[in-house]
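There are 2 protein chains.
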Amino acid sequence: MTVAAQRTTKTIDLGNAVELVSKEEGHRQPLAPEFVSLEDFSPLEVAYDFPKLRREDIEAGPRSIWRYKQLLPVPSNVEEHPNTDPGCTRLIRADNLAKALGVKRIWVKDDTGNPTHSFKDRVVAVALAAAREFGFKVLACPSTGNLANAVAAAAARAGWDSVVLVPKSLERAKILMSAVYDGSLLAVDGNYDDVNRLATELAGEHEDWAFVNVNVRPYYSEGSKTLAFEVAEQLGWRIPEQIVVPIASGSQLTKVYKGFNELGETGLVEPSPVRIFGAQATGCSPVSTAFKNGHDVVQPVRPDTIARSLAIGAPADGPYVLDIVRKTNGAIEDVTDDEVREGIKLLAKTEGIFAETAGGVTVATAKKLIEAGKIDPDAETVLLITGDGLKTLDAVQDQIGPKATVAPTTEAVNAALGL
Amino acid sequence: MTVAAQRTTKTIDLGNAVELVSKEEGHRQPLAPEFVSLEDFSPLEVAYDFPKLRREDIEAGPRSIWRYKQLLPVPSNVEEHPNTDPGCTRLIRADNLAKALGVKRIWVKDDTGNPTHSFKDRVVAVALAAAREFGFKVLACPSTGNLANAVAAAAARAGWDSVVLVPKSLERAKILMSAVYDGSLLAVDGNYDDVNRLATELAGEHEDWAFVNVNVRPYYSEGSKTLAFEVAEQLGWRIPEQIVVPIASGSQLTKVYKGFNELGETGLVEPSPVRIFGAQATGCSPVSTAFKNGHDVVQPVRPDTIARSLAIGAPADGPYVLDIVRKTNGAIEDVTDDEVREGIKLLAKTEGIFAETAGGVTVATAKKLIEAGKIDPDAETVLLITGDGLKTLDAVQDQIGPKATVAPTTEAVNAALGL
Chain A
1 MTVAAQRTTK
11 TIDLGNAVEL
21 VSKEEGHRQP
31 LAPEFVSLED
41 FSPLEVAYDF
51 PKLRREDIEA
61 GPRSIWRYKQ
71 LLPVPSNVEE
81 HPNTDPGCTR
91 LIRADNLAKA
101 LGVKRIWVKD
111 DTGNPTHSFK
121 DRVVAVALAA
131 AREFGFKVLA
141 CPSTGNLANA
151 VAAAAARAGW
161 DSVVLVPKSL
171 ERAKILMSAV
181 YDGSLLAVDG
191 NYDDVNRLAT
201 ELAGEHEDWA
211 FVNVNVRPYY
221 SEGSKTLAFE
231 VAEQLGWRIP
241 EQIVVPIASG
251 SQLTKVYKGF
261 NELGETGLVE
271 PSPVRIFGAQ
281 ATGCSPVSTA
291 FKNGHDVVQP
301 VRPDTIARSL
311 AIGAPADGPY
321 VLDIVRKTNG
331 AIEDVTDDEV
341 REGIKLLAKT
351 EGIFAETAGG
361 VTVATAKKLI
371 EAGKIDPDAE
381 TVLLITGDGL
391 KTLDAVQDQI
401 GPKATVAPTT
411 EAVNAALGL
Chain B
1 MTVAAQRTTK
11 TIDLGNAVEL
21 VSKEEGHRQP
31 LAPEFVSLED
41 FSPLEVAYDF
51 PKLRREDIEA
61 GPRSIWRYKQ
71 LLPVPSNVEE
81 HPNTDPGCTR
91 LIRADNLAKA
101 LGVKRIWVKD
111 DTGNPTHSFK
121 DRVVAVALAA
131 AREFGFKVLA
141 CPSTGNLANA
151 VAAAAARAGW
161 DSVVLVPKSL
171 ERAKILMSAV
181 YDGSLLAVDG
191 NYDDVNRLAT
201 ELAGEHEDWA
211 FVNVNVRPYY
221 SEGSKTLAFE
231 VAEQLGWRIP
241 EQIVVPIASG
251 SQLTKVYKGF
261 NELGETGLVE
271 PSPVRIFGAQ
281 ATGCSPVSTA
291 FKNGHDVVQP
301 VRPDTIARSL
311 AIGAPADGPY
321 VLDIVRKTNG
331 AIEDVTDDEV
341 REGIKLLAKT
351 EGIFAETAGG
361 VTVATAKKLI
371 EAGKIDPDAE
381 TVLLITGDGL
391 KTLDAVQDQI
401 GPKATVAPTT
411 EAVNAALGL
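Residue numbers (the working numbering), protein chains in the order written: chain A, 1 to 419; chain B, 1 to 419.
No lab work stands behind these hints: they were computed from the structure.
Predicted model only: the values in this text are computed from it and were never measured.
Where hints are given, some of them may not hold.
Repeated chains share a single entry, so a pair holds when one copy, or any two copies, can fit it.
With a straight-line Cα cutoff of 25 Å, these simulated DMTMM-like cross-link-like pairs (lysine to aspartate or glutamate) come out [unchecked claim]:
#	residue 1	residue 2
1	K349	D161
2	K168	D398
3	K292	D304
4	K52	E80
5	K99	E39
6	K99	E411
7	K403	D304
8	K23	D13
9	K327	E59
10	K99	E79
11	K99	E59
12	K292	E371
13	K349	D182
14	K168	D394
15	K327	E241
16	K327	E80
17	K104	E19
18	K327	E201
19	K292	E265
20	K52	D194
21	K23	E45
For reference, chain A alone in the conformation it holds in the complex (with noise of 0.2 Å):
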């Protein structure tokens, strides 16, 4: 039996999910593997029966994304299916970096510690189960690294081939650490538009193939949900008065949004007002850009930033990024890459956390809007760290080092300590 006809004839099983919706018109159609409104042409989204939910079950449900099973479009035994088990990243609460930034509170969401070290463990293995219920064998994407790190390993660990593709000029950290897994990974030659297009074509030609973040999108960036539910229930079940996320297609600030909104409907938490904050390196900031000229609609971009898991000149969400800012009154700034690693620097200095460049541009975007007085200085903030500078040392590599390097004597250690 072909795939399209298994996926014709079974019953699929994701959990609440009902349907498809599409985001401009609200045209709605099934459950299947497709990222695109026929209708409008505008990208569609995964619409939900939720039954009330109970605080206690979650609470007692696995230590992963899982937990919030009920939330997702996933099977309804998902984590019996091997799996990475990403998710319930540390909240920590920075007060030395609060300090540093003259606010009141800050929180900080430390998603390095996910399987592969970054938040793009939750979107695959959200895509990997809607994937295996839509009957696809292996696991692909186009990407510029986190995502293919968190591809590969899933695949291993779930025991699907893998193709991934990546330019072929990516970090030597994110390459090695996608080859280690052992699927096809493919460097391209060419940048990610290139690799991105790539992508769609093989999507249209391989019927088993499914490539997270294109034609099972849908469902693959619902896993950024995951953030706002462990935010809140980290918090004691509420929701924070602002968070900072960091913009690259701009799909995790809007989803961070939708799981804010579905943890109200589900009366797991007290509806509160939230607002949101995007970061982006001024070396591919267009949505900031049409945010700062009030526009509605995104200018693209040729990218050029040390930022390179942020570098989406196109960036496929960015209206609706703008929408969201808008009406929860947050706002949209952009830095420079020497601000992104003076924000590494803050980060690692003042609670001992190492983002990759990503994880600077929101510290230092979240700097900026503070002195600008947009963030509130006496709300608390929460910041989205979603990426590990293990996998982005160029970027800091000449700017820190050993203080010295001494002779193995006593003396020599206090001269250089200035003892």
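With the hints as your guide, set chain B onto chain A.
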């Protein structure tokens, strides 16, 4: 008031820890920042007066090693001080790996999920808590890398100064990850033995410096027990049948054993036998050599292996490791650097976990012990994966990489994959 004076006047609260006891002859002395008995010159270890403990109290505790604070030498309010909150890492059932190795059931404890991606975050967190109680002001260590990362990060988060001494030849990732937290990182012109000796001298000179693995070592090393506690809790409050532990100084292996025993003593688990296996790299295998030769003492060696985090030529706890392995009916084996690389790749390919060289040692040793019939294939086995592959990329970089570099066309991709 000097630190020494403060130590004598202040009541020390280290929870249920009551005194230090010498490992050889059991001489007892008050809790203090000391590490060698002046009675018999053997290492000092923490002794406790445990109350009866209840599983439900632990299960209701924080999602970090502090859930086990009643079993650690830390103050009862330990989690209220800023710390990195390590622990509660994944224990995954590794059926793909078990199949590859021809055994019934393997569990992998994945400590790459810790804040700085190694088990050292556990021991450093306990050392910091005890050091704070003793009135120290600076957190310090000699290190081959993982400990440097953990100390620098923990000190930053706690708002302490740090002094971290590393051999100048250390891997780039470990140097940069130690430097980014902005403590005093010093590269020492010498090998690890030189650095270690230097640390002992400095600990004598600077009374407010807590060298985590020197003058507060008895507290520090207790942190490794949390690996045993978590494994047992994650298995549903029971002790595994077999466990493979990498050996550097040997401390971790002895503390894992102590941890399992304490769970039995406090009524948290039903006592049951565990066979403890030790893993070394052949290029630094003094304990394995002693084991195979039937010796009780360990002859120091000059290390020469890619598994640098295990490269301690004169392992302090070697004799205790031999004793424990023999009395639990375990074994110790060592593996070549090529086998280490194969071990890293096997774990990545089967379970999606990218371990550092020490993890490769553990996996490859398990394989060798299984093939030799020493590990029982019908009993379950836990493998401790203590550190992260991103920190030892050099070890595998010549062996892994993209399958191919291709033009951005579907034809090129299909051709590269033989489709």
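Each hint tested on the structure:
For the homomeric pair K349 and D161, the shortest alpha-carbon distance between copies (10 Å) is at most 25 Å, but the shortest distance inside one copy (40 Å) is not. For a Cα distance limit of 25 Å, the shortest separation of K168 from D398 qualifies both inside one copy, at 23 Å, and across copies, at 17 Å. With identical chains, the CA atoms of K292 and D304 are at most 25 Å apart within one copy only, with a shortest distance of 20 Å there and 58 Å across copies. Within a single copy, K52 and E80 get their C-alpha atoms as close as 24 Å, which meets the 25 Å cut-off; across copies the closest is 35 Å, which misses it.
Taking the shortest Cα distances, K99 and E39 never come within 25 Å of each other, neither inside one copy (51 Å) nor across copies (48 Å). Taking identical chains as interchangeable, the C-alpha atoms of K99 and E411 are never at most 25 Å apart, the minima being 36 Å within one chain and 56 Å between chains. Neither within a single protomer nor between protomers do K403 and D304 lie at most 25 Å apart by alpha-carbon distance, with minima of 31 Å and 28 Å respectively. When the C-alpha separation of K23 and D13 is checked against a cutoff of 25 Å, the pair qualifies only within one copy, where the shortest distance is 23 Å, while the shortest distance between copies is 58 Å.
In this assembly of identical chains, K327 and E59 lie within 25 Å of each other by CA distance neither inside one copy nor across copies; the values are 31 Å within and 41 Å between. For the identical chains of this complex, K99 and E79 are inter-copy neighbours only, at 20 Å across copies versus 40 Å inside a copy, given an alpha-carbon limit of 25 Å. For the homomeric pair K99 and E59, neither the shortest alpha-carbon distance inside one copy (32 Å) nor that between copies (33 Å) is at most 25 Å. Within a single copy, K292 and E371 get their C-alpha atoms as close as 17 Å, which meets the 25 Å cut-off; across copies the closest is 65 Å, which misses it.
In the homo-oligomer, the alpha carbons of K349 and D182 lie at most 25 Å apart only across protomers (6 Å), although the nearest pairing inside one protomer, at 36 Å, exceeds that limit. For the homomeric pair K168 and D394, the shortest alpha-carbon distances inside one copy (16 Å) and between copies (19 Å) are both at most 25 Å. Proximity of K327 and E241 under a CA criterion of 25 Å is satisfied intra-copy only: 14 Å inside one chain copy versus 57 Å between copies. In this assembly of identical chains, the alpha carbons of K327 and E80 never lie at most 25 Å apart, being 40 Å within a copy and 37 Å across copies at closest.
In this assembly of identical chains, K104 and E19 lie within 25 Å of each other by CA distance neither inside one copy nor across copies; the values are 42 Å within and 41 Å between. For the homomeric pair K327 and E201, neither the shortest alpha-carbon distance inside one copy (36 Å) nor that between copies (61 Å) is at most 25 Å. Taking the shortest Cα distances, K292 and E265 never come within 25 Å of each other, neither inside one copy (32 Å) nor across copies (64 Å). For a Cα distance limit of 25 Å, the shortest separation of K52 from D194 qualifies neither inside one copy, at 44 Å, nor across copies, at 63 Å.
With identical chains, the CA atoms of K23 and E45 are at most 25 Å apart within one copy only, with a shortest distance of 7 Å there and 63 Å across copies.
Hint compliance for this structure: hints 5, 6, 7, 9, 11, 16, 17, 18, 19 and 20 are not met, and every other hint is.
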